[in-house]
Every structure is written in structure tokens, then in C-alpha cells.
Amino acid sequence: MPPTTRTENEAAYALFDKFVLNDQRNFYEVKVSQYRNSSQQVNKIRAVLAFTTGLASALAGLVVQSSFDNNGQCLIKNELGSNLVGLINSLVGGSANCSALQALVVFLIILAVIMPAMGGAFNILADLYQWDRLITIYSSSLENIEIADAQSPDPEMDDMTYRASLNAFSEGTLGVMYDETAQWGQLIRTPETLSKFVAAEQKIADQASGGATSAALSEHGGFGIAPTIDTAASPTASTPPIAVPPAVTPVIPAGANPPSVTPPTTPNPSPDSNQAFGR
Amino acid sequence: MKQLPRFSFPPPNPGFELIDSAGLDELLKGKDPEAIKTIKDDLHFMDHELMRLFRERDYEASRQQNRYRLYQIGYILLATLATLIGSFQALALNSAPRLLPAFAFGETLVALGATFLSSISGRESPFELWMINRRRAESLRREYFRYLINLPPYNQLEGFNKRRMLSRRAADINRGVFPTEDADPAMKE
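Chains P and F are the protein sequences, given in the same order. Numbering-wise, the first sequence is residues 189 to 467 according to this note's numbering. Numbering-wise, the second sequence is residues 4 to 192 according to this note's numbering.
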């Protein structure tokens, strides 16, 4: 076929430069900045939740140790308890008593329960969006697109060189887009924690309904999430799973000792577990 | 907040363009009229042969992505609720055993909620559909520019042969058969 003319090549270059390379560069820059902000916000929230959990647990421990005996009786009259009551009085400007201390302990325990659960939710949210890893992919694409840009044709080039340069420039840019999409596709996974959660909940629902739920689901086609999870490659492998409570036994036999209860602990925020928004 | 899914997903935009007409006219102002005509003819041809498919795939990918995230965030909320109920239930074992049936009921509701969510997500996973459609849309986008810049395999063809090649490759991409993309080996290193 006849080769494209110089003027056609120049028009094609102008078009590709503006609507592909610059568009793509802007996309990467915007996404990197957006994801960095999201990642930082979620990290801050997780840190605050972890800190609040620790603080609430420690305070609850302090109040219980200093103001109650082993049988839960208020020791408000002993010296340490009085000091604590005095401290609370000075802080709140009121008069604390045993009931107030008990209410405070309950409040702190509730905080110590709610905060780690919320922290767990943010951990999974970070796994779902994969911000940190997408930042890496888009930053690397941004660097690579500059290499493609370096091959852009120059007006001083002769026609043959101009066309060859235009080919290298546009193939290079399309190559960066191809690689980025491939990596992005490999990265996006359903958080493993959520698939486990749904499986566990199905069992509970089955127990409650005598198997009717799973029968209905198998007719319907089963669970629609994450049939393709690659556990080994999952970026969530290091993420502590959110605590899924066991199936409930609502009736306690008379006279049986209830099992000892360990206060819930904060899941450790993993630095590698937060990452994404799709395209 | 911008990244959170929507309950009501907006309808497709039938006029969506990869190259907006106003920007194109501005860019090509003063260029060779013959070159402008060639580019506009190519764009006009691709609007029917490729952009139609791209718009469908792109919209479907976004819609499935929204669906997927909506369900996943639903699961996250349910998992958080389940954790809270379980924790309070554990605390109530010592202090308020009479509340245990209520917690058990709450736990069952959460389980039913999770089951309901997974049921309405249907036989076809939104995650799979998102990935499939996104991959095809991105491949169609690259093909669009490959044709416009006259990159291989289009540089060897002209006239109806070139147009037929585009139609064939676009149709292949749309059905999940991806033709080779001949990138410069130097750029791949």
C-alpha cells in the first residue's frame, strides 16, 4: 500500500500525543494521587481505632483493678479507689460513685469491642480496593510512559525516520497500557476473608433453616462471589481475618459454668494489606 | 467517597467518545485538509464498527464493578456486625446470659443477610463479568488507536481490506479472542 504522507503522520502524532499519551499520563497521575490519599486516610483510621481499642482496654483494666475486688465489689472507700474517684471527679467536675465507675467500665468494654470490629472492616476495605499495590502499578506505568514519550518523532526528522519514530512512540505507549491492564487484572482479587465469612454464614443459615437455604441456593446457582480466588496469590494472605463468631448455642445447661471470656483484641494492622479502585 | 459504589447506577452514555469532536477540531486546526479528512473518515467508520462495542463493554464493566463492590461492602458490613454480635455475646455469657437468645437471633439474621446477598448476586459472578468486560474494553480501546495511527497489521492494508481487518479484529476482541498486539520489543524490556 502507499505509505502514509508526512502531513498524515504529523496529524496522527498530534492526535495520539494528546488523546492517548497525555490522557493516559493524566489518568495515572490522578489515580496515584487519589489512591495515595485513600490509603493514607484508611491507615489513619485504622491507627486511631487500634489506639482507641488499646486505650479503652487499658483504662477498663485500670478502673477494674483499682476500684473493684475479685468478686466485682466496689472498693471505692479504699485509698486507691478514692484517689481514682477524686481524679474522675476533678476531670468531669462532678461526683463519681460506684455506679458511675461501673457505667464507665461498661462503656470502655463496649468501645474495646466495637473498635477492633471497625478496624477489621477497614482492613478488608483496604484489601478490596488494593490502593497501595495499584499505586505501585500506576507509578511504574507513569515512568514507562515517559520512556515511550522519549521516542516521539521530531519535526526535523526525514519522512522515513519520522514514521519509524511515530511507530515506536505509539507502540511503546500502547505497550505500557497493555502491561498495566494485565498487571491490574492479576492484582484484583476478592478478599479471602470475605469468602470465608460468606461460607461460615451459609453454615449458620443452614443450621437455622434446617438446610433449606443451601438447597435453595444450589437450585439458584450457589454463591456468586469469588469462585476464582487464588489463595496463594491473594494479597490478603497476610491479613488477619475479621473474627467470625462461632455458631451460637443459645441455651446454657443449668449449673454449667460458662466458659471464661477473653476480651476481644485488635487485629494487627498489616502494612501490606492495604491497597484500589478499579479503572 | 468517590470510590464507593452507587445503589443506582447511571444509564449508559450513547454519545461517549474516546476522542471528543471539539478537541479534535481544535487540535487539527491548520493541518493538511487531506490528512484531516482521512482521520475523520477513520473515526466515522470506527464509531459504528468499534466504538459501539467499546461503549457496551466499558459500560458493562463499570456496572459489574459497581455491583461487585456493592456486594463486597455489604459483606464487610455484615462481617463487622457478626463480629460485634459475637463479641457482645461472649461478654453476655458471664454477665447477662438471658440476652444470649437475642444475640443468637441477631447472628442468624446476619447469616441470612449474607446468604441473601450471595443469592441475589446470581449465577454469574459480578467479579468475573467485571474482569471479562474490562479486559475487552481496554483491548478495544487500544485497537481503536492502533487503527487510527496505522500501526501493524493495518499498515499493510488499505481501503476495504483495512476496514474489514478492523471489523474482524474488533469482533474477535468482543468475543474474547485477542489478536496479537505487536509492541516494540525494546519497549517491553
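Quick caveat, the hints were computed from the structure, so don't treat them as lab data. Just so you know, even glycine gets a beta-carbon here, dropped at the ideal spot from N, CA and C. Hints may be right or wrong, so weigh each one.
As the list claims (entries may be wrong) - With the C-beta cut set under 8 Å, the calculated list includes, among others, these residues of chain F facing chain P:
hint, residue
1, 6
2, 24
3, 38
4, 41
5, 52
6, 56
7, 73
8, 82
9, 94
10, 115
11, 141
12, 166
13, 168
14, 180
Unchecked claim - Where chain F lies over chain P, by a calculated footprint (3+ residues, C-beta under 8 Å):
hint, region
15, 226-238
16, 291-303
17, 309-323
18, 352-361
19, 369-380
We went through each hint and held it up to the structure:
A cut of 8 Å between beta carbons decides the hint on residue 6/F: the least distance to chain P is about 4 Å, and the hint holds. Annotation: interface hint on residue 24/F violated; nearest CB of chain P at approximately 12 Å, more than 8 Å. Annotation: interface hint on residue 38/F holds; nearest CB of chain P at approximately 4 Å, less than 8 Å. Checking residue 41/F against chain P by beta carbon gives a least distance of about 6 Å; that is within 8 Å, so the hint holds.
Evaluation of the residue 52/F hint against chain P yields a violated restraint, the C-beta minimum of about 18 Å exceeding 8 Å. Checking residue 56/F against chain P: minimum C-beta separation of about 17 Å lies over 8 Å; hint violated. Interface hint at residue 73/F: violated, since its Cβ lies 11 Å from the closest Cβ of chain P, which is beyond the 8 Å cut-off. Because the smallest distance between the Cβ of residue 82/F and any Cβ of chain P comes to about 5 Å, under 8 Å, the interface hint for this residue holds.
Residue-level restraint check for residue 94/F holds (minimum Cβ-Cβ distance to chain P is 6 Å; threshold 8 Å). Interface hint status for residue 115/F: upheld, as the beta-carbon distance to the closest one in chain P is roughly 5 Å, under 8 Å. About 5 Å separates the beta-carbon of residue 141/F from the nearest beta-carbon of chain P, less than 8 Å, and the hint is met. Given hint, residue 166/F at the interface with chain P, is violated; its Cβ is 13 Å from that chain's nearest Cβ, farther than 8 Å.
Look at residue 168/F: its Cβ only gets to about 12 Å from chain P, farther than 8 Å, so that hint breaks. The restraint placing residue 180/F at the interface with chain P is violated, with a minimum CB-CB distance near 16 Å, outside the 8 Å limit. Restraint check on the region 226-238 of chain P versus chain F: 1 residues with Cβ-Cβ distances below 8 Å, three needed, restraint violated. Coverage of the region 291-303 of chain P by chain F holds. Counting CB-CB distances below 8 Å, 3 residues qualify, and the rule asks for three or more.
With a threshold of 8 Å between beta carbons, the proposed coverage of the region 309-323 of chain P by chain F holds, since 5 of its residues qualify and at least three are required. Only when three residues or more bring their CB closer than 8 Å to a CB of chain F does the claim for the region 352-361 of chain P stand; here the count is 6, and the claim holds. Residues of the region 369-380 of chain P with a Cβ under 8 Å from some Cβ of chain F number 5, which satisfies the need for three, so the listed coverage holds.
Hint check: violations occur at hints 2, 5, 6, 7, 12, 13, 14, 15; the rest are consistent with the structure.
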